[in-house]
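Asks: Sequences and hints are given; from them, build the entire structure.
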Amino acid sequence: MGVVDAEQPAVEPHDRIAVSVKDVSMVFGNVHAVKSASFDLPKGRFLTILGPSGSGKTTLLRMIAGFDRPTGGEIFINGQPVSAVPPHGRAIGMVFQKLALFPHMTAAENVAFPLKMRRHDARRILEKVERYLDLVRLGGYGNRRINELSGGQQQRVAIARALVFEPDLLLLDEPLAALDRKLREEMQLEFRRIQKELGVTTINVTHDQREALVVSDEIIVMNGGSIQQKARPVDAYRAPSNAFVANFIGVTNFVEGRVVELAGSRATIEANGLHLAGLAADATLAGGKPCAGAVRAEQIRVAPKDGHLDGLETVVDGLVVDCIFEGERVVYEIRVPQLGDVLMRVFDHDPESHLQFGPGDAVRLGWNARDMHVFAK
Amino acid sequence: MRTPRAAYPVTWRVMDMLERLAAAVWPSSFQRGLPYLMLLPAVVLVGLLVLGLVQIGDTSLRVLDTNTFLMSEDYTLANYQRVLTENFFATVAGRSLMGSLIVTAITLLFAFPYAYLMVRTPSSALRKFLLVALFLPFFIGQVVRAYGWLIILGNQGMVNEALGLVGVPPMRLLYNYPAVLFGLVQYMLPFAVLMLAPALTAIPNELEAAAASLGAGWVRTFRHVVLPLSRPGLVGAGLVVVTLSLTDFAIPAILGGGTQDFIANAIYDQFFRTSDQGLGATLSLMLVAVGSILVGVVFMLFGAGTLAMGETRK
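Chains as they are written, first to last, in this note's numbering: chain A, 87 to 463; chain B, 37 to 350.
The set of hints was computed from the structure by calculation and includes no laboratory data. We put the CB at the ideal spot given by N, CA and C, even for glycine. Treat the hints with care, since some could be wrong.
Stated by the list, open to error - Stretch by stretch, here's where chain A covers chain B in the computed footprint (C-beta under 8 Å, at least three residues):
hint	stretch
1	152-164
2	230-244
3	247-256
Said to hold, decoys possible - Not the full set, but computed from the structure, chain A residues with beta-carbon under 7 Å of chain B:
hint	residue
4	151
5	153
6	169
7	170
8	171
9	178
10	182
11	184
12	199
13	200
14	203
15	205
16	206
17	208
Replies: Spelled out as structure tokens, the structure:
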């Protein structure tokens, strides 16, 4: 430590970085699974890597865990390069997709396993196992065999086993993907509670955008092996950095057109002869270039054909094609002839007006200019 | 009429006809009996063996009259007394039992890494090579293979010639106990690998990754995860190898050259050399008994060897 004293101010912030991924690439044969990914994750944060299957998110996680060695770049954990360190030499707790609990051991033996492997004091192991089983609300279940536990209980054992040795980092490889929806949402909140309680730095991988928004402090959206955006959930949702992110998170309608005017953050696009005002959300936008305007389904308001949509800058006419009742909301699919027959999806969350339109009804839709993000195509 | 015909292809028509036919011949009320009916051939085959066993039991209770070469009319336990008291039989039985246990231990030791590599290798070419190498010896019968070893290990065999080149005098590599055990291990290895492979396949790769992430190096991953979980496969493979080696005939006969008889060789001698069918039958029954007890003990210890997951902790 003494040697770096002179550089103390410059080094100081690095102490708070738990994981640093620098230009990491992974090539399998001729498949570029991860293309020079870089990010820093401060200690104690909950990061979710979100992306469709084949986006490279699991490969990135496996490299951090040490199961695969990057073909390029370096990963630092607590400032130390780890490419040459095998998985059992890293202090990383991992919850696997299929949980990977040891079927020949009881719940308590599973949780005790990492402590025994790390040669902890045998007397303290029991006490620690007890404490972590309590943490995941499985007190008293220690003597059960794994196949005697329900799916949710097995999840909890897997979490306890990954945390009991107080790892530097917790990795979650889509462990919730196989659960039914209700249990999944319950476990998402559980993950969040435990993570906040212990303050352990966590990286979660999922293709479930809702899970990413619910549990994370930060989101990384990946596609085709590249990081598309790294942002807080609310920012990734409100200000997606490109059309892929806008499409992947939330339900988004795209209006294709051409840029006619750029003035500061305001962009005007021409689509099917109509001029629409929007927010320039992409630095590569240029006049005359093809572009896409993205509007969230919940930002669009619907009114009867002769109704008024006061205060909305863009108003178009449409024809209801389908109306889907989803319980807490109604989804209208509306064809807009003025925009080249594009099909737009609109949410109606107002319980008073549920099912106010049916297929075939002529309606009017409108949205604010600030709610249409314009991206280069 | 054209459209329905197109929507009802010939193959469906044929299948429907067959199903109607089957329904006429075999009404659905008989369906419950079908599984039992399919069991019948196997039961008949095993039943025949049991009948043979009764016959052998009968023979074992008669002694050979050396003057007339006829079996005695009366039942007697004289054969059993001979087998249990004469030193020769104790030697043969001890040699067979000890041999089969040693062969089993060595075979499992060799078969495990082979099966593990075959199951876990990411290279499909290597997997295919290992599989072919495993099956190739099956195409060569046991006797032919034993003769092959005679050629290789004989006094003028390849091994001794090679040793001669470096100045080592010829060694007697055949007609001794190690030669028989060597031949048996070589013969049993494919069986053991084939029994182990499915058991190892059933252990998810993820468990080993999990053990690694939890701090276990490969030695401890093997000891605490892979080995306990492959126990059903090890028990199954061990049983097959023990019973096959205990009852083997050709390899002790050929590689032992008559000096290293196993129980099966002794039985053969009684039936076909001295024609003492009574003594042969007695030896056969003792062999069946020893084998059954061995299997029974293993089953009791390991729970039928199939699902060892549900019990005894490690």
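Asks: Now, for every hint given, state plainly whether the structure supports it.
Replies: Verification of the supplied hints:
1. 152-164: This one is violated; 0 residues, fewer than the three required, reach chain A with a Cβ under 8 Å.
2. 230-244: holds (count 3)
3. 247-256: holds (count 8)
4. 151: 6 Å, holds
5. 153: Hint holds; residue 153/A Cβ to chain B Cβ min 6 Å, cut 7 Å.
6. 169: Hint on residue 169/A: violated, closest Cβ of chain B at ~16 Å, above 7 Å.
7. 170: 15 Å, violated
8. 171: The hint is violated - residue 171/A has no Cβ within 7 Å of chain B, the shortest such distance being about 12 Å.
9. 178: 6 Å, holds
10. 182: At about 5 Å, which falls below the 7 Å cut-off, the nearest Cβ of chain B leaves the hint on residue 182/A intact, so it holds.
11. 184: 6 Å, holds
12. 199: 6 Å, holds
13. 200: 4 Å, holds
14. 203: 4 Å, holds
15. 205: 9 Å, violated
16. 206: With Cβ-Cβ at 10 Å, over 7 Å, it is violated.
17. 208: For residue 208/A, the interface hint is violated, since the closest Cβ of chain B sits about 15 Å away, which is over 7 Å.
Hint violations for this structure: numbers 1, 6, 7, 8, 15, 16 and 17, all remaining hints satisfied.
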